[in-house]
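> As a plain string of letters, each chain reads:
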Amino acid sequence: MRKVLLGCVSMLALTALPATAQVKIGFVTTLSGPTATIGNDMKASADLALEHLGGKMAGKTVQIIYEDDQQKPEVGKQKTDKLIEQDKVDIVTGYIWSNVLLASYKSVVDADKILISANAGPSQLAGDQCNENFFAASWQNDQTPMAMGEALNQKGVKTLYIMSPNYAAGRDMAAGVKATFKGQVVGEDYTKWPDQLDFSAELSKVRAAKPDALFVFYPGPAGVQILVQHVQSGLKGQVPLYTAYTIDSLSLPLQKEAAMGVLGAQEWVNDLPNAENAKFVGEFKKKYGKHPSFYGAQSYDTVMWIASALEATKGETKNLKALRDSLRKLNYKSVRGPYKLGNNHFPIQNFYLQDVVKDADGQLVLKTVSTVYTNHQDLHAAKCSMKW
Amino acid sequence: MNWILILEQALNGLQLGLLLFLLAAGLTLVFGIMDLVNLAHGSLYMMGAYFCATFTGWTDNFVLGVLLALPATMLLGMATEMIALRKLYSRDHLDHVLATFGLILFFNELVRLVWGAPGLDIPLPPFLQTSIQIAPGVPYPTYRIAVIGASLACAVGLYWLVVKTRIGMLIRAGASNREMVGALGIDIKLLYTLVFGLGAAMAGFAGMMAAPILTVQIGMGDNVLILAFVVIVIGGIGSIRGAFVSALLVGMIDTLGRTLLPALLNMILPPVAASTAAPALASMLIYLLMAVVLFFKPEGLFAPRG
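Chains as they are written, first to last, in the working numbering: chain A, 46 to 433; chain B, 892 to 1197.
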């Protein structure tokens, strides 16, 4: 018994040892449940970035503390609070889901810490609730579907049906397509999120409405179901599918042939021709044996961005103004190529049309087809009162 | 809104309802006869799907995969009953809930270790991958028709088993008076194991049928289990007939609600309000149904006697 107790005590003592890292970054993402593949891809990419930096930023040792939000806003907020109050991290990042980010961001910005979203880009934080402590390394939610709407115009699509999950980002996506699509939207469905995975009722409505095209936004595993069911319902020949955040290198191994010829919009594709991207994609494939996703690319960028800012402040994290100013300079080489930052701290960047094709080995891969937008800024920036 | 759409949606609702019935029948049998609250029923649904994906991969034949996965799921269910659940019968329902919730975590982690986190897909044979014309110019997925057929056959088989066979007689006897069955020299332990295995096989079958539509994932049974509980509460706990009727009711109301409600609300509300309220209301409909049924018939629609 005494041995057991001693063992417990020594284990506790080990875990209670103060972390030796000089800079601590909190990373909130989904590491359990069906969408854990996304979180694991982000974690793998952030780890790779830190490895490329030699584990140091501005000569200081860096530790990334990962927390699992379980794709639930309330859990995400708890984990964010834990990172701030218990781990006393210097910067918080991560966040796949807009609803999780919206629940968590006040905990960070009110504690006078920097928050960088590595994925979610809710319209609220780009517009009237923009904050000088909040940055996005990704995009504003509306931008990608706006690019898709523009692509639909170019394809000559006249009537469109929209299907999207009923949560913050799902609403933003539908609004984004409607902002640029010039034809008529003949129907919209918002499905229960994240537990509705059978879309038979909605697909039947699509068939009855006879649109020229169907736009969907289903990130994560739901993207597999919507594509497979689109094929099974026989709609593939009748109503072509256009997507945002539905086909990526995580879902593609399950979507397989169902994804071929289904166009999507994205700010990053694995084949973008720049040296940083070649290094990231190549090293990722070498280390993990698979393609990285855009979630990973943004996470890699986030770590590199933080490193560049810390270089400028000589590793000083307590001087918030200096840190913010150096982040605003955007002094790092992004894997998506050069981009700028708007007054609301959201990127002004290119958007590309991607397709799924077979490569030389017969493997399905994502391929850039064309550039839809160059230096595109979101619509909400005008509502943000921040000037710098 | 036209009749073809309504017909199509009725088929969608029927298919959802029958899948729910397969899941709910096992749940209601186990609850009604063994008085066991089994939250891990959804895990058996998931295990069925994973078995089916594995066997389909080995044999390259979906039908063969299902035929092999059925006894595998049944054996898994029986093993679970003998190892873990048998000790719980004499304890109260809260202990059942805690223990079977533990089983959910156990099975989810087991799947992660054996099959990995990303999930699997089950390729359908070409003859099921197509669509059938149910009316001129209206194709309907062949696979969903096949699901309806297979689930109906399963329901008829269950009816035959429970009403016409000796085993079924014992099951019904066990449901009405378990002490008496034991006193008459029937091995009640074996009967319980069989019933649990049967319920597991049906849950697994539902998982296998859903798998090609929904793909196979960790935790895929957890959400659908909530619906199955709604079904057995509406139908009356322990009643297979009740489970059948209420499963179809829930399937129909859920599907038709998602179709008709947005159109209806659009007529009475401004578009923005309608597009906000309709999805929320549609996903609440079955719970509203449950509340109404419980208000008028607290025991459920077909409460068994005793």
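Wrong hints could be hidden among the right ones.
[Said to hold, decoys possible] Some chain B residues well away from chain A (every beta-carbon gap over 12 Å; in silico): (1) ILE1079; (2) THR1167; (3) LEU1192.
[Said to hold, decoys possible] Subject to a maximum C-alpha distance of 20 Å in a straight line, what follows is the list of computed SDA-like cross-link-like pairs (lysine to any residue): (4) A:LYS203 with A:THR225; (5) A:LYS301 with B:GLY948; (6) A:LYS412 with A:LYS359; (7) A:LYS117 with B:THR1021; (8) A:LYS301 with B:ILE1117.
Keep in mind the hints are simulated off the structure, nothing from the lab.
As the structure is a computational prediction, the values presented were derived from the model and not from experiment.
Where is the CB? At the ideal position from N, CA and C, for every residue including glycine.
> None of the hints should be skipped; say for each whether it holds.
Hint check results:
Distance to chain A confirms ILE1079 of chain B as a non-interface residue, since its nearest Cβ pair spans about 38 Å, more than 12 Å. Listed as outside the interface, THR1167 of chain B is inconsistent with that label: its C-beta sits roughly 8 Å from the nearest C-beta of chain A, within the 12 Å cut-off. Distance to chain A confirms LEU1192 of chain B as a non-interface residue, since its nearest Cβ pair spans about 24 Å, more than 12 Å. For the hint pairing LYS203 of chain A with THR225 of chain A, the CA-to-CA distance comes to about 13 Å; that is within 20 Å, so the pair holds.
Only pairs whose Cα atoms come within 20 Å are accepted, and LYS301 of chain A paired with GLY948 of chain B is accepted, the gap being roughly 16 Å. With a C-alpha separation of about 39 Å, the suggested pair LYS412 of chain A and LYS359 of chain A falls outside the 20 Å cut-off, and the hint is violated. A threshold of 20 Å between alpha carbons decides the hint, and for LYS117 of chain A with THR1021 of chain B the separation of about 37 Å lies outside it, so the pair is violated. The hinted pair formed by LYS301 of chain A and ILE1117 of chain B fails the criterion: a straight-line CA distance of about 31 Å is larger than 20 Å.
Figure legend: structure checked against the earlier numbered hints; hints not met, in rising order: 2, 6, 7 and 8.
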